[in-house]
Amino acid sequence: MQATGLLLDIQILYNKFTKTEKKIADYVLKNTNQVLFMSITELADACQAAEATVFRFCRSLGAKGYQEFKMKLSLCLAAEDTEQSEAQKSAQAETPSLQSEMSRILESHISALRETHSLLDQNNVDKILEMMEKAKRIYFFGIGDSLLTAMEARNKFLRIMDKVSCVDDPHMQAMTASMATPDDLYFIISFSGATKDTVYVADILKEVGAKMVAITRFAKSPLTTYADGVLLCGCNEGPLEGGSMGAKLSQLYIIDILFCEYYRRNYAVSAENNRRTSKAVVEKLY
1 MQATGLLLDI QILYNKFTKT EKKIADYVLK NTNQVLFMSI TELADACQAA EATVFRFCRS
61 LGAKGYQEFK MKLSLCLAAE DTEQSEAQKS AQAETPSLQS EMSRILESHI SALRETHSLL
121 DQNNVDKILE MMEKAKRIYF FGIGDSLLTA MEARNKFLRI MDKVSCVDDP HMQAMTASMA
181 TPDDLYFIIS FSGATKDTVY VADILKEVGA KMVAITRFAK SPLTTYADGV LLCGCNEGPL
241 EGGSMGAKLS QLYIIDILFC EYYRRNYAVS AENNRRTSKA VVEKLY
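Last residue of the sequence shown? That's 286 in the UniProt record's numbering, and every number before it is there in order.
Hints were generated in silico from the structure; no laboratory data involved.
One thing to keep in mind: the hints can contain errors.
Claimed, not checked - The calculated lysine-lysine pairs, modelled on PhoX-like cross-linking and capped at a C-alpha distance of 25 angstroms, are:
(1) K196 with K64
(2) K22 with K64
(3) K64 with K16
(4) K23 with K220
(5) K30 with K16
(6) K19 with K30
(7) K220 with K127
(8) K64 with K23
(9) K163 with K134
(10) K163 with K279
(11) K156 with K134
(12) K134 with K206
(13) K220 with K206
To be verified - Distance windows between CB atoms, simulated:
(14) M151 with N274: 13 to 23 angstroms
(15) R59 with Q122: 36 to 46 angstroms
(16) C260 with L13: 51 to 61 angstroms
(17) R275 with S165: 13 to 23 angstroms
(18) K136 with M172: 12 to 22 angstroms
In this text, all values refer to a predicted model and were calculated from it rather than measured experimentally.
Think of the CB as a built atom: it goes at the ideal place given N, C-alpha and C, for glycine as much as any other residue.
With the hints as extra help, turn the sequences into a complete structure.
As structure tokens, this is what we get:
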């Protein structure tokens, strides 16, 4: 099936769907744009269906999974947009100035940060900070672009504590998780909350009794079902916008809040460790 005909494919195959799959099809057809920014768990809840049913629905349309389904849906909408009237095309053909594009990007990033700020619950952040203080070891995990945020978090906290690590390989992440203890704390960063590798690691952590905090966009996702704490980042990222700067800025904003507040609460030790780590690299600078 062609990606550009996904909505038509849903209509053509409609009579072959099960009763529950028809509910999913109806919801997708009526709420196409909203579905692009929903997790598989949120779509399943909205249709009163199981995640496995949503997955089968996606497979029946030729997609390997939910994320590929959303990508095909996004491509379908993009193709429809190109079939506008000539008047609409000419109206949109005007190339925006550099200044207007700079302003647009700035407002987009500010909006993502403001939304992230509004989604943060002070009691929840306080609980996670207490978990960090009690933990013997703290790990930051991520896959793909989220790994960059995990590495930045490790680099930042390494300045003030000696109990932080970041593992970059998915296989090594799984092995590290299998050796975790209830005294360990893991931060798993995943915008979608539906990356197989991260959910697999979260399942291992749950089994061994280690604590896990999810930094993600969606309150309901496969990843958050395993989490002891959830920190939501406020940025809508379409299937064709993977790794957007807005998403990274939202994640980094959360990391910065945790760092600054941990530093403030543990000022004496953090300040001394910061002095020592800064001194260790000062001679490497001209």
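Now the hints, each set against the structure:
Proximity of K196 to K64 is assessed by CA-CA distance (about 13 angstroms); at most 25 angstroms being required, the pair is judged to hold. About 19 angstroms separates the Cα atoms of K22 and K64, which keeps this hinted pair within 25 angstroms; it holds. Of the pairs offered as hints, the one joining K64 and K16 holds, with about 19 angstroms between alpha carbons and a cut-off of 25 angstroms not exceeded. Taking the CA atoms of K23 and K220, the gap is near 20 angstroms; set against the 25 angstroms cutoff, the hint holds.
Distance check on the hinted pair: K30 and K16 sit about 19 angstroms apart at the alpha-carbon level, within 25 angstroms; holds. A C-alpha spacing of about 17 angstroms is found between K19 and K30, which places the hinted pair at or below 25 angstroms, so the restraint holds. Simply put, K220 and K127 have alpha-carbon atoms about 20 angstroms apart, close enough for the 25 angstroms limit, and the pair holds. Of the supplied pair hints, the one linking K64 and K23 holds, its CA atoms being roughly 20 angstroms apart against a limit of 25 angstroms.
Restraint check for K163 and K134: the C-alpha separation of about 11 angstroms stays at or below 25 angstroms, so the hint holds. With a C-alpha separation of about 19 angstroms, the suggested pair K163 and K279 falls inside the 25 angstroms cut-off, and the hint holds. With a CA separation close to 19 angstroms, the supplied pair K156 and K134 stays within the 25 angstroms bound. Proximity of K134 to K206 is assessed by CA-CA distance (about 18 angstroms); at most 25 angstroms being required, the pair is judged to hold.
Annotation: proposed proximity of K220 to K206 holds, straight-line Cα distance about 17 angstroms (limit 25 angstroms). Roughly 19 angstroms separates the CB atoms of M151 and N274, a value that falls within the hinted 13 to 23 angstroms. As the Cβ distance of R59 to Q122 is approximately 42 angstroms, the hint placing it in 36 to 46 angstroms holds. Separation of C260 from L13 is about 52 angstroms and conforms to the stated range, judged on CB atoms against 51 to 61 angstroms.
Take R275 and S165: their Cβ atoms lie about 22 angstroms apart, and the range 13 to 23 angstroms holds. Hint check: K136 to M172, Cβ distance near 20 angstroms, so the stated range 12 to 22 angstroms holds.
Consistency note: the structure conflicts with none of the earlier hints.
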